[in-house]
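Chemist: Sequence:
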Amino acid sequence: MYRSAGIHFPSDASKEENCKDLVQGLIGTYDLSDSEVVRAHVQKTLRGVGITEIRPNPGESFDPREHNGVAAIRAPAPALAFRIARVLRPGWKSIQGTVRPADVEVYKDD
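Counted from 1, the sequence shown has number 51 at position 51 by this note's numbering; the numbering is strictly sequential.
Treat the hints loosely; a few may be bogus.
Claimed, not checked - 27 Å max Cα-Cα, derived DSSO-like pairs, lysine-lysine:
hint, residue 1, residue 2
1, Lys108, Lys20
2, Lys93, Lys108
3, Lys15, Lys44
Unchecked claim - Label-pair distances were calculated between CB atoms; the ranges are:
hint, residue 1, residue 2, range
4, Lys15, Asn68, 26 to 32 Å
5, Val70, Thr29, 19 to 25 Å
6, Glu16, Asn57, 32 to 38 Å
Honestly, the hints are just simulated from the structure, not real lab data. C-beta: ideal position from N, C-alpha, C; glycine also.
Can you make the complete structure from the sequences, with help from the hints?
Modeler: See the structure below:
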C-alpha cells in the first residue's frame, strides 16, 4: 500500500480501477449538483487529470463515438437530419477516448 495524506492507495493493478471509480464519482457529482461552484470545481479537477467535457452545440453532426442519442425528434428541415437538437447531459473524454458520451436529442429524417 502507498500512503499519502492518511489515504491508503493499493500499489497493484486495482489502482487503475480505483482511479476509474474516482473519475466516475466526480462525473456523478457534476451531474447531481445544481451548484455552479461545485460543477466548476469538478471540471477543474477533471481537467487536471486530462479529462474534458463533451458539450456539442445544437446543429453539430451526431458522432456515435462521443454522443449517445437518447431521443429522436423530427427535423424542422431535411438538412438537420442526424444533427444534434439538444444536449441533455454533457459527456467527458480523455486523450485515450470517450469516458462517457454526451446524452443528446438527435434530429431524425422523417
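Chemist: If any of the earlier hints don't hold here, list their numbers in rising order.
Modeler: Result: hint 1 breaks, nothing else.
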